[in-house]
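Put chain B on the given structure of chain A with help from the hints.
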Amino acid sequence: MGKATVIPFGPQHPVLPEPLHLDLVVQDETVIDCLPQIGFIHRGLEKLVEKRDYNQFIYVAERICGICAMGHSLGYAETVEELMGVEVPKRAEYLRVIWHELSRIHSHLLWLGLAADAFGFESLFMHCWRLRERVLDLFEKTTGGRVILSVVKVGGVVRDIDGAMLREIVAVLEGLEAEYATIVSTLLTDASIKNRTVGVGVISHEEALDLSMVGPFARASAVNYDCRMLGRGAYGDLSDFQPILDTQGDCYARIKVRCSEVLQSIAIIKELVAKIPTGDIAVDVKGSPADGSQASNVLEQPRGECYYYARGNGSKNLERMRMRTPTSQNLAGMVAALKGCDLADVNMIILTIDPCVSCTER
Amino acid sequence: MEFTQVFEPLALDSLHDFALSRKEDGWRYVQTLAVNKDDGVDLVYSFMKNGALVNSVISDVPRDAEVPSISDAFLAAFVFENEIHDLFGVRITDIAIDFEGNFYRVSEEYPMTIISPEQLAAREKAAKIAAAKAAKERAAANAAEASAEAAAEAEKPSEDEEARKAAELEAKLAAMDPEKAAKVRAAMEARAKKGGE
Numbered sequence: 002m003g004k005a006t007v008i009p010f011g012p013q014h015p016v017l018p019e020p021l022h023l024d025l026v027v028q029d030e031t032v033i034d035c036l037p038q039i040g041f042i043h044r045g046l047e048k049l050v051e052k053r054d055y056n057q058f059i060y061v062a063e064r065i066c067g068i069c070a071m072g073h074s075l076g077y078a079e080t081v082e083e084l085m086g087v088e089v090p091k092r093a094e095y096l097r098v099i100w101h102e103l104s105r106i107h108s109h110l111l112w113l114g115l116a117a118d119a120f121g122f123e124s125l126f127m128h129c130w131r132l133r134e135r136v137l138d139l140f141e142k143t144t145g146g147r148v149i150l151s152v153v154k155v156g157g158v159v160r161d162i163d164g165a166m167l168r169e170i171v172a173v174l175e176g177l178e179a180e181y182a183t184i185v186s187t188l189l190t191d192a193s194i195k196n197r198t199v200g201v202g203v204i205s206h207e208e209a210l211d212l213s214m215v216g217p218f219a220r221a222s223a224v225n226y227d228c229r230m231l232g233r234g235a236y237g238d239l240s241d242f243q244p245i246l247d248t249q250g251d252c253y254a255r256i257k258v259r260c261s262e263v264l265q266s267i268a269i270i271k272e273l274v275a276k277i278p279t280g281d282i283a284v285d286v287k288g289s290p291a292d293g294s295q296a297s298n299v300l301e302q303p304r305g306e307c308y309y310y311a312r313g314n315g316s317k318n319l320e321r322m323r324m325r326t327p328t329s330q331n332l333a334g335m336v337a338a339l340k341g342c343d344l345a346d347v348n349m350i351i352l353t354i355d356p357c358v359s360c361t362e363r
Numbered sequence: 417m418e419f420t421q422v423f424e425p426l427a428l429d430s431l432h433d434f435a436l437s438r439k440e441d442g443w444r445y446v447q448t449l450a451v452n453k454d455d456g457v458d459l460v461y462s463f464m465k466n467g468a469l470v471n472s473v474i475s476d477v478p479r480d481a482e483v484p485s486i487s488d489a490f491l492a493a494f495v496f497e498n499e500i501h502d503l504f505g506v507r508i509t510d511i512a513i514d515f516e517g518n519f520y521r522v523s524e525e526y527p528m529t530i531i532s533p534e535q536l537a538a539r540e541k542a543a544k545i546a547a548a549k550a551a552k553e554r555a556a557a558n559a560a561e562a563s564a565e566a567a568a569e570a571e572k573p574s575e576d577e578e579a580r581k582a583a584e585l586e587a588k589l590a591a592m593d594p595e596k597a598a599k600v601r602a603a604m605e606a607r608a609k610k611g612g613e
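As you go down the protein sequences, you meet chains A and B in turn. As numbered in our numbering, the first sequence has no gaps in its residue numbers, which increase by one up to the final residue, 363. As numbered in our numbering, the second sequence has no gaps in its residue numbers, which increase by one up to the final residue, 613.
The hints are simulated quantities; they were obtained by calculation from the structure and are not laboratory data. Beta carbons are placed, not taken as given, at the ideal position from N, Cα and C, and that holds for glycine. Be aware that one or more of the hints could be misleading.
[What the hints assert, rightly or not] Just some of the chain B residues that point at chain A, by a computed CB distance under 7 Å: (1) 425; (2) 426; (3) 447; (4) 451; (5) 468; (6) 470; (7) 471; (8) 520; (9) 521; (10) 523; (11) 536.
Just chain A, same shape as in the assembly (with noise of 0.2 Å):
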């Protein structure tokens, strides 16, 4: 055995948008070791909330990450509802859910991108940010935004969706899911792609279960867990849902539970827009947070299970709010998923973990 070496990996990196650093302890190309490092671009955003009140700071939680930015916005209203008792119409739930959704499949197209471009599959990347496109449209069509949508109140949504839209929706998704097919059955059946994947910084289900993962990166090693399998809000009404699971633990497993996801997502919104009920879209929150009040909640982000906490202090600012991002959550099972690989692995499985720094570093 040779001599152990550590190898720096990041801040910036190729496969990296977002710093994070890795000190890879490496004996022979062997990876015996890791010790993550975040905290460079650390924004203190959870300490705003006192400055900004409940109303103002939905705009903040949504500028927290870029991708995941309807989702943040989504959480917050959700966990300030209930602190403070505020029941949502039927409609803004199901509105909700349909931007929900449709920034799911933006941020796993997204991802597919990176990780396409990564292998080296340029004109791939090229097709999937295409696909990724006809989404950001259908945002700006129904929001006027195409990545911060600031579409999400406190007592529900600010705009409508009308029925032309929401069957031009459906039209779009149904273009896109034949497309997606297509590029997701050359992805899967490459023999190249196999060869890196396959194998590569296996998880078990006893390894996921024990360091607590969440999300795709937990999914691919058959933990069944999805927040949206709780039935809160419009997912209730879903004639059913179950998570996406596979039970290989490896980069392979991690592509194929992202890539049947988009599809799940799609399903989804077909389904709430046949469904959806006519009504109000917003009711009317007055007051504040009782002083010492505090509501916990969980929402399925695009990389997992993002938990928020509020408590109220009497005034219009909460005492305190707080964020915990999948990718923090997921940090201890991809120290488990590189130690032992193989040196040139490394980036091949960060990627299929798709760490977001930035909501990491809220």
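Relative to chain A, chain B alone:
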């Protein structure tokens, strides 16, 4: 699977044993957070099982207290324990991967413990609102009590006019803001003293 959430108290001394028992019982670790208070922090540990989200709250942990790490039971906790140390200054012992204060690069030491002018103003406003509400309720209760007493006194045939007036005045004073009532009483005493001279 139905979602439920509860907040339950937890003692700091039993934290580590509690985490081990959660692990044995198959709970999933969700997160740890801290809430800054004037003289310490509240710590919230969250676990989930079958859709039940249980938040265990350790209240009023002194800032100089030593908090045992639970990262030996749940490795995922090392991220949040390092974070709580760096942002809130809570000393957490035996963290599985301990960055010893270098997890976050922050320009200000323990930034989440700084009480901003906005937060101070919000707290003072909330305290004033609560105090005014309490004073109003107290005054209403006193007024009701005084008027009941006055009515009972008035029913007595032997009571003279002066005592009745005094009781009415007392009832009015009780209904007033306590500070204003004190000023009126002081003025009346001064006037009575002057009249006596």
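Inset, instruction - Return the numbers of the hints above that this structure violates; sort them in rising order. - result: 1, 2, 5, 6, 10, 11
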